[in-house]
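Line by line, the protein sequences are chains A and B.
Numbering (this note's numbering) for the first sequence: 97 to 533.
Numbering (this note's numbering) for the second sequence: 97 to 533.
Treat each hint with caution, since some may be false.
Identical chains blur together in the list; that is why a pair holds if it fits in one copy or across any two.
[Claimed, not checked] Listed below are the simulated DSSO-like cross-link pairs for lysine-lysine, each with C-alpha atoms no more than 30 Å apart in a straight line:
(1) K244 - K521
(2) K285 - K244
(3) K115 - K236
(4) K276 - K115
(5) K288 - K244
(6) K411 - K285
(7) K477 - K244
(8) K185 - K521
(9) K236 - K288
(10) K477 - K288
(11) K115 - K244
(12) K115 - K288
(13) K431 - K236
(14) K411 - K244
(15) K431 - K313
No lab work stands behind these hints: they were computed from the structure.
Here the structure is a predicted model, which means the values were calculated and not measured.
Protein chains: 2
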Amino acid sequence: MSLGFRHSCRLFYSDDPVKIVRARGQYLFDENGSRYLDCISNVHHVGHCHPSITQAAASQMELLNTNTRFLHDNIVLYADRLAATLPEKLCVFYFVNSGSEANDLALRLAHGYTQHEDVIVLDHAYHGHLTSLIDISPYKFRKLAGQKEWVHVAPLPDVYRGMFRENHPDPAQAYADTVKEVIEEVHRKGRKISAFFAESLPSVGGQIILPQGYSTKVAEYVRSAGGVYVADEVQTGFGRVGSHFWAFQMHGEDFCPDIVTMGKPMGNGHPVACVATTAEIAAAFTANGVEYFNTFGGNPVSCAIGLAVLDVMEKEDLRGNAMRVGAHLKGLLRKLQTQHQIIGDVRYGGAGLFVGIELVTDREQRTPATEAASRLVRRLKEEDRICVSTDGPWESVVKFKPPMCFSMEDAELVVQCIDRILTDKVRTLRSMRFLLP
Amino acid sequence: MSLGFRHSCRLFYSDDPVKIVRARGQYLFDENGSRYLDCISNVHHVGHCHPSITQAAASQMELLNTNTRFLHDNIVLYADRLAATLPEKLCVFYFVNSGSEANDLALRLAHGYTQHEDVIVLDHAYHGHLTSLIDISPYKFRKLAGQKEWVHVAPLPDVYRGMFRENHPDPAQAYADTVKEVIEEVHRKGRKISAFFAESLPSVGGQIILPQGYSTKVAEYVRSAGGVYVADEVQTGFGRVGSHFWAFQMHGEDFCPDIVTMGKPMGNGHPVACVATTAEIAAAFTANGVEYFNTFGGNPVSCAIGLAVLDVMEKEDLRGNAMRVGAHLKGLLRKLQTQHQIIGDVRYGGAGLFVGIELVTDREQRTPATEAASRLVRRLKEEDRICVSTDGPWESVVKFKPPMCFSMEDAELVVQCIDRILTDKVRTLRSMRFLLP
Numbered sequence: 097m098s099l100g101f102r103h104s105c106r107l108f109y110s111d112d113p114v115k116i117v118r119a120r121g122q123y124l125f126d127e128n129g130s131r132y133l134d135c136i137s138n139v140h141h142v143g144h145c146h147p148s149i150t151q152a153a154a155s156q157m158e159l160l161n162t163n164t165r166f167l168h169d170n171i172v173l174y175a176d177r178l179a180a181t182l183p184e185k186l187c188v189f190y191f192v193n194s195g196s197e198a199n200d201l202a203l204r205l206a207h208g209y210t211q212h213e214d215v216i217v218l219d220h221a222y223h224g225h226l227t228s229l230i231d232i233s234p235y236k237f238r239k240l241a242g243q244k245e246w247v248h249v250a251p252l253p254d255v256y257r258g259m260f261r262e263n264h265p266d267p268a269q270a271y272a273d274t275v276k277e278v279i280e281e282v283h284r285k286g287r288k289i290s291a292f293f294a295e296s297l298p299s300v301g302g303q304i305i306l307p308q309g310y311s312t313k314v315a316e317y318v319r320s321a322g323g324v325y326v327a328d329e330v331q332t333g334f335g336r337v338g339s340h341f342w343a344f345q346m347h348g349e350d351f352c353p354d355i356v357t358m359g360k361p362m363g364n365g366h367p368v369a370c371v372a373t374t375a376e377i378a379a380a381f382t383a384n385g386v387e388y389f390n391t392f393g394g395n396p397v398s399c400a401i402g403l404a405v406l407d408v409m410e411k412e413d414l415r416g417n418a419m420r421v422g423a424h425l426k427g428l429l430r431k432l433q434t435q436h437q438i439i440g441d442v443r444y445g446g447a448g449l450f451v452g453i454e455l456v457t458d459r460e461q462r463t464p465a466t467e468a469a470s471r472l473v474r475r476l477k478e479e480d481r482i483c484v485s486t487d488g489p490w491e492s493v494v495k496f497k498p499p500m501c502f503s504m505e506d507a508e509l510v511v512q513c514i515d516r517i518l519t520d521k522v523r524t525l526r527s528m529r530f531l532l533p
Numbered sequence: 097m098s099l100g101f102r103h104s105c106r107l108f109y110s111d112d113p114v115k116i117v118r119a120r121g122q123y124l125f126d127e128n129g130s131r132y133l134d135c136i137s138n139v140h141h142v143g144h145c146h147p148s149i150t151q152a153a154a155s156q157m158e159l160l161n162t163n164t165r166f167l168h169d170n171i172v173l174y175a176d177r178l179a180a181t182l183p184e185k186l187c188v189f190y191f192v193n194s195g196s197e198a199n200d201l202a203l204r205l206a207h208g209y210t211q212h213e214d215v216i217v218l219d220h221a222y223h224g225h226l227t228s229l230i231d232i233s234p235y236k237f238r239k240l241a242g243q244k245e246w247v248h249v250a251p252l253p254d255v256y257r258g259m260f261r262e263n264h265p266d267p268a269q270a271y272a273d274t275v276k277e278v279i280e281e282v283h284r285k286g287r288k289i290s291a292f293f294a295e296s297l298p299s300v301g302g303q304i305i306l307p308q309g310y311s312t313k314v315a316e317y318v319r320s321a322g323g324v325y326v327a328d329e330v331q332t333g334f335g336r337v338g339s340h341f342w343a344f345q346m347h348g349e350d351f352c353p354d355i356v357t358m359g360k361p362m363g364n365g366h367p368v369a370c371v372a373t374t375a376e377i378a379a380a381f382t383a384n385g386v387e388y389f390n391t392f393g394g395n396p397v398s399c400a401i402g403l404a405v406l407d408v409m410e411k412e413d414l415r416g417n418a419m420r421v422g423a424h425l426k427g428l429l430r431k432l433q434t435q436h437q438i439i440g441d442v443r444y445g446g447a448g449l450f451v452g453i454e455l456v457t458d459r460e461q462r463t464p465a466t467e468a469a470s471r472l473v474r475r476l477k478e479e480d481r482i483c484v485s486t487d488g489p490w491e492s493v494v495k496f497k498p499p500m501c502f503s504m505e506d507a508e509l510v511v512q513c514i515d516r517i518l519t520d521k522v523r524t525l526r527s528m529r530f531l532l533p
């Protein structure tokens, strides 16, 4: 007997993996009772093993857990609650089991509505593990099947490392123009755009914050081409950015995607996900006459858990907490940046508990400090029992996406520890220089 | 606010849908407290809202629900238990959230191992709602995108209605030869077979029982062509057939698929599914160097629930029950067949609680009695509060796939009610003849 993903899935700390046996809030406990501060479990949104979530799940499991072929209140209540967080236009909901299922359905909806085939994605993007999503994930397809003729890659609008940087007069327009160029190129080939598909904050791409105004302009170009704008909020939704419930809302009041996909934090670990879209797009999907049925999607237990997550968020003001703690964490990290040359960038622009710092070996060339980032992650775990991880094309971005109950003290602790390790590293390097002949 | 699948998903009893508010064992209760006998919820395998499952879920939710990037005992214990039900060769397990995710991964595994692209499926098959699975589901793609060049459809080996029937000297060989011919045709086009993909008992196709020997021969032809045999056990696994734990095991000791996908009953309603395969196929998947990670797949709660389902099955001897009650149900239905001309066929060959009766307007032509099947389903619900449903290309097959705790008395009740309705129908028709001028 063997576990496929033990081989195909990269464990955290693969050379010395951790066996966690229980968790609570923002803390993990291993088999020896050692406590770890968890800065990475964005799925466990309202905190690990929150009693209100367990209670809601157990109560509904005791009562009923059928499927959507029967009427049930929970799904209606839940869709209503989600609708209240979104622009009015996004008023139709499909419930599924994972962000990947949501993104696959989004592709089908876009295709059904536009009757076009081609999709534009951002470089380094990852949208899920399904066949159709590997096709639209440069992060995956570059290493696997290669690029399909209906998939087009636009530059990642990364103002720190990308083609237009913070010194550019209008990076939003410049990056949006690259999408316009892709559309023109697609049209020259006699093909047509079905969708522009992007995370509202590209995560695997390196915790990127899109330049203000970019999404609005891209949506305009994509819609002019007859396509739709899909906002992948699987990683970034449900108040993680603090200031707004959805990360796409950071892009301004005038911006509204045509399809929004959600997943990870939605069930605090329970497999539930969703696609929200407009009445027009849903009508086109229904008009094809082929039913959509998802065995587990939208079942009463999944919806009860989803509702409980929203309740806890409100009751404990976790969005407010994300805003306050996120701002404090970023403030501390920016201060740290002034003391450590290796911190090339602290992602700025939004707030909340979606934070990244990019390590570089030199600030001029911005050479990714991949090794140093990996060492920092390992030392935080070994010396301080703090879990963080890396992301970005060169794994040089140290990312923080903790449970939303992450506290001011947690933020201070992790920054202190990073400071100590980075200082220590400098000291070690200096002393090594003395020792070298 | 609207629910997409309310439009795209067909409700049971769409003209008078039922609002179920609680359930227990094989019984559903609506908002007025009326009790329905449930003959269709194969997902709620050990019975609706089984207290042992709720208990297992709640206990683990209270403790920990991380992901597979951390080590955890539950997943290892669960994979071990599943391995014990399967041939030794199927020793690698990937945990996912739905049968659709499992089938999509099976396609990827087959492709990764064979490096071929083409897939052979059975006519009328349905393998899931994802883009890649619609491509291999004639039941869906005939109404939607159409057939892809890499998909090939072999005749459904239906000995009641198919091209070779019960009077054929060797329908297994004859149907297996149709697959051989498809392979030869594929080769003539210069293409190569990646997989033969089939449910071990085609369900949407009409609760079909494959002729004995068919699968072994097909596997031989497919492997000779460098392809693999994928057994979709999403509907049929976990002891539903009574005599064996997996439906493919009915095809003989010498038959072993290369990949087995499982889902629906696995978590008794909780979203959990799995792919089992050989060490060789898993090694080829790992060798591509791209990690496979499924956010919720194989989490400690899903595995705790999966383990609890297996425990209840053993403790309550539900496989034995399925064998005994299934045999009784089929015996009663065959007796009914001798009394009602409209019952053209009672699916025979296997045992267990995967049963279908095919209604025909005449036994000679075997014309599907679609309307009569629909009326029977409606009257059973309205007059007797018994839930059954239809399947098959003409919705003329009344199917029974109840929770595995379905009792002898339940079987007797449903057959009595069918008898009464069918008798009544004959009487009504006769009296109408008297009244006609």
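Verification of the supplied hints:
1. Taking identical chains as interchangeable, the C-alpha atoms of K244 and K521 are never at most 30 Å apart, the minima being 44 Å within one chain and 57 Å between chains.
2. When the C-alpha separation of K285 and K244 is checked against a cutoff of 30 Å, the pair qualifies both within a copy, at 14 Å, and between copies, at 22 Å.
3. Taking the shortest alpha-carbon separations for K115 and K236, only the intra-copy value of 28 Å comes in at or below 30 Å, while the best inter-copy value is 43 Å.
4. In this assembly of identical chains, the alpha carbons of K276 and K115 never lie at most 30 Å apart, being 48 Å within a copy and 49 Å across copies at closest.
5. With identical chains, the CA atoms of K288 and K244 are at most 30 Å apart both within one copy (14 Å) and between copies (20 Å).
6. Taking CA atoms no more than 30 Å apart as the test, K411 paired with K285 passes in neither setting, with 53 Å inside one copy and 63 Å between copies.
7. Proximity of K477 and K244 under a CA criterion of 30 Å is satisfied in neither setting, with 40 Å inside one chain copy and 49 Å between copies.
8. Taking the shortest Cα distances, K185 and K521 never come within 30 Å of each other, neither inside one copy (52 Å) nor across copies (50 Å).
9. For the homomeric pair K236 and K288, the shortest alpha-carbon distances inside one copy (24 Å) and between copies (24 Å) are both at most 30 Å.
10. When the C-alpha separation of K477 and K288 is checked against a cutoff of 30 Å, the pair qualifies neither within a copy, at 48 Å, nor between copies, at 48 Å.
11. Neither within a single protomer nor between protomers do K115 and K244 lie at most 30 Å apart by alpha-carbon distance, with minima of 40 Å and 45 Å respectively.
12. Taking the shortest Cα distances, K115 and K288 never come within 30 Å of each other, neither inside one copy (49 Å) nor across copies (44 Å).
13. For the homomeric pair K431 and K236, neither the shortest alpha-carbon distance inside one copy (35 Å) nor that between copies (57 Å) is at most 30 Å.
14. Taking CA atoms no more than 30 Å apart as the test, K411 paired with K244 passes in neither setting, with 46 Å inside one copy and 51 Å between copies.
15. In this assembly of identical chains, K431 and K313 lie within 30 Å of each other by CA distance neither inside one copy nor across copies; the values are 34 Å within and 70 Å between.
Hint compliance for this structure: hints 1, 4, 6, 7, 8, 10, 11, 12, 13, 14 and 15 are not met, and every other hint is.
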